[in-house]
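2 protein chains.
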Amino acid sequence: MTERLEAQLAFLREADRLKTVLRASRLIDDSRHENSAEHSWHIMLYALVLADQAGPDINIDRVLKMLLLHDLVEIDAGDSPIHGNVDHAAMAIKEAAAADRLFGLLPQDQCDAYRALWDEFESAASPDAQFAKAIDRFQPPIANLATGGGTWRGYAVTLEQMDQRVGQPVSRGAPGLWQWLRPQLQKFFARI
Amino acid sequence: MTERLEAQLAFLREADRLKTVLRASRLIDDSRHENSAEHSWHIMLYALVLADQAGPDINIDRVLKMLLLHDLVEIDAGDSPIHGNVDHAAMAIKEAAAADRLFGLLPQDQCDAYRALWDEFESAASPDAQFAKAIDRFQPPIANLATGGGTWRGYAVTLEQMDQRVGQPVSRGAPGLWQWLRPQLQKFFARI
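Heads up: the protein sequence lines correspond to chains A and B, in order.
Going by the UniProt record's numbering, 5 is the number at position 5 of the first sequence; the sequence numbering is gapless.
Going by the UniProt record's numbering, 42 is the number at position 42 of the second sequence; the sequence numbering is gapless.
Rather than coming from a laboratory, the hints here were simulated on the basis of the structure.
Take the hints with a grain of salt, since some may be wrong.
Residues from chain A shown here face chain B by an in silico Cβ test under 8 Å; the list is partial [to be verified]:
{"id": "1", "residue": "Leu9"}
{"id": "2", "residue": "Ala15"}
{"id": "3", "residue": "Ile28"}
{"id": "4", "residue": "Asp30"}
{"id": "5", "residue": "Leu50"}
Think of the CB as a built atom: it goes at the ideal place given N, C-alpha and C, for glycine as much as any other residue.
The whole structure should be built from the sequences, with the hints applied where relevant.
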């Protein structure tokens, strides 16, 4: 038992580092960049509150666990901004290595279970993962709309990019949210 | 539907402010204070990983939801450090008012459900709430032990205080964790 607990605590201590991984996005009060730990908390709250936007075959408890774990790999691999120029193949290799190392700190049964959940999220391989991905992409635009553009300005984002990088995953996993968001984006991008 | 979604988004935007509520505790790398949003994420991870420390009648999915919501009231009421001199009666009144305002932003059904879950947590009124409280109290000592004392030094904390403020809730909700933690604390406090 003690050996199992020591492994679990080693993992939980290491997870503290996610609080120092900064994202491109900023807090709504514009005071600083958002980190990936607090972002993970916030999108779990989004998923819980917006669960009625999910399809009937969604298990929200699995979605919450996916979102709880989904960014841990950034401790080693860093965050890749959605509107940045990212080499996705190279990033996938870095993130898989990070998942090996981080989940590998845990007892084998938990390592296997969390890795499977993370793989499911990454590959959007199920309705649960598709809803989780939709929520992950839906939160940053809400902050950007609330702050008059936020990171969209720095990255010179266009409505076409939003349709592709946000619209595709959000409309697949939570079509009602995209139906609400698209006209807001249209209005915003028409003004800049 | 749109009215419901607008209310949900108003709540989710307001929740962003939990990222700016600072706790007494510091990150393990000692770079800065921890905020209540990233703390909430971290203790959800603790609860998931350490679920085998909970009694057999615990529903871990309910525990995770409790922890997701438990600190939101701090947006209005602020954080009360466990080792600080806090007027607990006054704080309870402030937190109840905060719960009224914040959950009141949501559609009525969600307001009622989340408020009930928060009340259950606050009053430690069930095995789920007792496990959630145990986890909430267990995480800061892990960080303090990892950083050679952390906030214990600033607050001149004693082992007797730890037994009362940490030992009671942790041993009630997760006795195995207290059994592991107590000797570590004893060793630490014998040295200072």
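Status of each hint after checking the structure:
1. Leu9: holds, 6 Å
2. Ala15: Since the shortest Cβ distance to chain B is 6 Å, the answer is holds.
3. Ile28: holds, 4 Å
4. Asp30: violated, 11 Å
5. Leu50: holds, 6 Å
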